[in-house]
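Number of protein chains: 2
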Amino acid sequence: MTDSGLPHGSVRDVLDDLRTQLPEHLLITDPTQLRTYECDGLTSHRVTPALVVLADTVEQIVATVRACARRRVPFVARGSGTGLSGGALPHADGVLIVTSRLRTLHSIRREDQRAVGDPGVINLAVSKAANPEGYYFAPDPSSQQICSIGGNVAENSGGAHCLKYGFTSGHVLALDVVTPAGEQVTLGTEAPDAPGYDLLGAFVGSEGTLGIATRATLRLTRLPEEVRTILAGFATIDQAGAATSAIIAAGIVPAAIEIMDALAIEAAEKAVSCGYPAGAGAVLVVELDGSALEVAHEYAAVEAICLETGCFEFRMATDAFERAEIWKGRKSAFAAVGRISPDYIVQDGVVPRTSLSAVLHRMGEISAEKGVRVANVFHAGDGNLHPLVLFDASEPGATERAEEVSGMILDLCIEHGGSITGEHGVGLDKARYMPRMFDADDLDSMQLIRCAFDPAGIANPGKIYPTPRLCGERPRIRQGSHPLAADGVEVF
Amino acid sequence: MTDSGLPHGSVRDVLDDLRTQLPEHLLITDPTQLRTYECDGLTSHRVTPALVVLADTVEQIVATVRACARRRVPFVARGSGTGLSGGALPHADGVLIVTSRLRTLHSIRREDQRAVGDPGVINLAVSKAANPEGYYFAPDPSSQQICSIGGNVAENSGGAHCLKYGFTSGHVLALDVVTPAGEQVTLGTEAPDAPGYDLLGAFVGSEGTLGIATRATLRLTRLPEEVRTILAGFATIDQAGAATSAIIAAGIVPAAIEIMDALAIEAAEKAVSCGYPAGAGAVLVVELDGSALEVAHEYAAVEAICLETGCFEFRMATDAFERAEIWKGRKSAFAAVGRISPDYIVQDGVVPRTSLSAVLHRMGEISAEKGVRVANVFHAGDGNLHPLVLFDASEPGATERAEEVSGMILDLCIEHGGSITGEHGVGLDKARYMPRMFDADDLDSMQLIRCAFDPAGIANPGKIYPTPRLCGERPRIRQGSHPLAADGVEVF
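Same order as they appear, the protein sequences are chains A and B. Numbered according to the numbering used here, the first sequence terminates at residue 492, and the numbering increases by one at each position without gaps. Numbered according to the numbering used here, the second sequence terminates at residue 492, and the numbering increases by one at each position without gaps.
Where hints are given, some of them may not hold.
[Stated by the list, open to error] Straight-line C-alpha distance at most 27 Å; calculated DSS-like pairs for lysine-lysine:
hint: 1; chain 1: B; residue 1: 270; chain 2: B; residue 2: 328
hint: 2; chain 1: B; residue 1: 270; chain 2: B; residue 2: 164
hint: 3; chain 1: B; residue 1: 370; chain 2: B; residue 2: 328
hint: 4; chain 1: B; residue 1: 270; chain 2: A; residue 2: 164
hint: 5; chain 1: A; residue 1: 370; chain 2: A; residue 2: 328
hint: 6; chain 1: A; residue 1: 128; chain 2: B; residue 2: 328
hint: 7; chain 1: A; residue 1: 164; chain 2: B; residue 2: 328
[As the list claims (entries may be wrong)] Facing chain A, a subset of chain B residues (Cβ under 7 Å, in silico):
hint: 8; residue: 57
hint: 9; residue: 186
hint: 10; residue: 426
No wet-lab data here; the hints were simulated from the structure. Note that beta-carbon positions come from the ideal geometry of N, C-alpha and C, so glycine has one too.
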């Protein structure tokens with residue numbers, strides 16, 4: 001039986017416990033220093049934590065979680081703090097556990113293409129270390145130069161190349177995890193199709209609500225023999241969309257297919273002078289990788305498709321520098337939007353690729369109706385939209401209008417059978433949209449898992465799911481709606 | 001609070017409930033007819049169920065599960081009954097729910113490469129229907145002509161081509177599920193990286209212990225432009241293993257790499273005259289697929305590697321008939337062993353590919369020490385062994401010796417960091433080996449999920465996990481071993 005109804009304890013007690021176990025310099029209590037941790041990449045939300053623990057060892061993470069469990073005090077884990085959905089937003093009466101100092105990459109195993117590392121290891125550091133062996137770590141969020149593996153695991157991070165290579169969940173083989181009760185368990189194995197429940201899959205993307213990963217065994221991907229990066233300029237976004245559909249329909253799976261619209265191109269040019277085709281209504285960035293033979297073959301097909309669909313400029317990077325130039329415009333797009341708008345919301349939604357055109361049209365209409373500019377940058381290959389909703393917070397009512405448009409875009413994604421997040425996670429930001437995407441039974445079945453791991457509700461409360469139900473309530477037995485309630489029989 | 005300690009109810013009550021809701025001909029109670037369902041592919045274990053329900057509709061499955069939940073009566077789901085680990089072995093005091101009559105394939109969607117079907121749809125039927133559109137369903141268990149999608153989902157089935165294409169879990173996008181409480185939920189979405197916990201991943205491979213899948217949305221795979229099937233004969237299994245390692249090290253990922261040893265070849269020749277190279281100590285079957293260019297390139301590399309590693313005969317199928325001939329030997333191997341031994345155990349274990357050679361040597365020693373012949377057929381590419389332990393049950397002590405050798409092989413897999421099952425599942429057969437592979441904390445964390453979904457323990461009890469713990473016990477708080485118990489503080 002759980003006693004989730006009891007009040008949570010005090011961070012003061014947790015601090016007293018930890019002072020007997022951790023060096024003082026790892027415990028941050030100074031208000032000014034605490035404020036450094038008040039937000040992650042979702043800067044619109046800020047909460048100062050009551051205590052920050054800078055963990056240097058796994059044992060310190062375990063000790064902190066156990067102290068929190070003992071006192072029923074909420075805790076939030078934070079890696080590099082680059083998440084865009086507020087997953088690492090602190091709890092005002094809780095402890096923020098920072099894992100970024102745990103950044104040892106224990107091994108790169110060429111013989112079986114594995115890397116084993118701490119949660120604070122930087123995403124790109126894995127690829128750098130694996131590179132001399134001919135391998136890399138495939139998930140490539142735009143923040144890969146600073147984001148950590150622990151954060152990638154928590155958010156199931158993606159990136160431009162997830163079209164071909166999939167999200168983080170496809171590249172994690174095993175995790176050591178501290179559960180919200182402070183127990184250390186291993187999820188997953190290195191064997192294909194491990195027996196028992198695939199809790200690894202449930203943990204990856206659970207945004208810190210099922211515990212903290214303390215060590216990850218990752219799958220490395222072989223560096224391709226050849227990479228060709230293509231920049232194609234189109235007069236309209238419809239043409240760029242048609243080219244995308246035709247490429248996929250031809251059975252080609254590029255490593256990435258990205259589209260930027262005119263507004264996004266304008267911002268990128270102003271910020272980084274990336275030299276995209278002048279006057280383009282949209283650009284398409286296509287990256288092909290694989291064996292040299294295969295890439296050459298696919299390149300010819302992509303070129304023919306782009307020309308057929310109305311591309312007026314088709315360019316291939318001939319060296320690493322030119323490749324970086326093409327990606328510079330795309331990768332800087334979010335930040336670049338600051339050049340054309342004082343404020344903006346980065347939205348993240350998914351639609352089935354087959355609905356892309358209809359959704360883009362409707363977004364244009366919404367933008368016009370509400371008088372709110374929307375720049376579009378997206379992973380076209382898998383229908384993952386990143387609309388940038390532009391506004392000026394100093395203008396009365398503008399923030400509210402931008403938020404309204406941003407919400408309407410998510411509703412549009414749901415209407416078309418898509419999702420409220422492609423790769424940024426739910427976090428705090430989108431918890432309120434979950435009931436639009438899932439019905440009560442579906443949410444309850446997810447809540448069962450959370451309650452099983454964290455009956456006291458101390459692991460990153462308030463994230464992912466709206467108004468958390470008390471675990472003692474047994475969500476499945478609901479008056480009226482439960483199939484057995486009508487019989488007047490209590491089932492369990 | 002659960003009341004798992006209460007006794008289970010009677011199947012008679014369930015039958016009375018169902019008679020008011022289901023047509024009589026779907027309720028099997030005749031002892032002779034019931035016996036037809038006494039085992040699945042694990043024929044060494046037989047249990048006659050108390051009642052069999054042949055479901056024609058999802059509503060009938062829901063009604064049956066609800067009746068079982070109301071009376072706390074165990075139920076077991078069964079598709080085609082081809083599983084090899086006893087996952088569909090009935091419960092003597094329970095209900096067997098047969099889903100194989102639900103076999104409508106609702107749609108094949110070329111535009112987004114999806115198929116939607118009932119749980120009883122035959123695996124191969126999906127590929128047949130998708131074929132005219134240029135697609136197929138990639139998971140290919142040897143039983144694919146008769147096994148069902150529901151069973152594939154329950155067991156996370158694999159097959160020879162999983163080396164390149166992965167297990168069933170990578171090809172299921174969403175499932176409608178009836179939980180053990182009789183609620184209908186949808187797990188997964190068609191969007192990439194769906195928000196919330198990935199319960200779909202936990203459900204796939206849960207062997208009927210978390211509920212019954214009633215509809216599946218599957219990912220279709222594009223038919224390759226070209227397929228080349230190669231048969232290479234080697235004097236020794238070590239040479240065939242060396243060729244496998246060299247192929248993988250060269251960065252080639254064939255659709256399949258299979259090895260058969262001399263004893264398995266002998267059996268296959270006797271059964272189906274597959275025309276494998278005479279005098280071979282081992283054969284390697286390699287299948288390459290993809291674009292014609294890529295396949296031609298890889299073919300040349302594989303040929304060079306095989307010749308370098310001592311292959312004395314290298315042959316490529318030049319048409320579909322020859323391709324089928326090569327696979328005939330491999331696919332008939334399990335059954336064919338009946339030609340050289342009256343009885344045999346099909347074992348299924350995994351070792352890291354890098355340990356393959358050491359494990360095969362040790363298996364040879366075990367075989368010699370115990371005087372038990374072991375034929376080897378395996379998915380060499382991913383280290384998935386299928387040793388066939390041969391014996392004659394009429395010989396005193398032979399069965400016990402074969403079982404001992406079979407168990408020793410699994411221990412050997414665990415010792416080398418592998419797994420007790422590659423693709424056949426744990427079922428009843430291997431539940432007792434789970435504690436050798438997982439420690440108590442790991443098993444407890446899995447048990448938390450089971451208890452969350454099925455606190456009464458009625459969904460396929462006795463499968464996967466050894467001695468199921470009562471859900472009321474709260475497995476995480478153990479005297480002595482729990483980290484917090486030492487403090488004398490009760491945590492939850």
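Outcome of the hint check:
no. : hint             : in the structure
1   : B:270 with B:328 : 12 Å, holds
2   : B:270 with B:164 : 31 Å, violated
3   : B:370 with B:328 : 31 Å, violated
4   : B:270 with A:164 : 44 Å, violated
5   : A:370 with A:328 : 31 Å, violated
6   : A:128 with B:328 : 45 Å, violated
7   : A:164 with B:328 : 33 Å, violated
8   : 57               : 16 Å, violated
9   : 186              : 6 Å, holds
10  : 426              : 5 Å, holds
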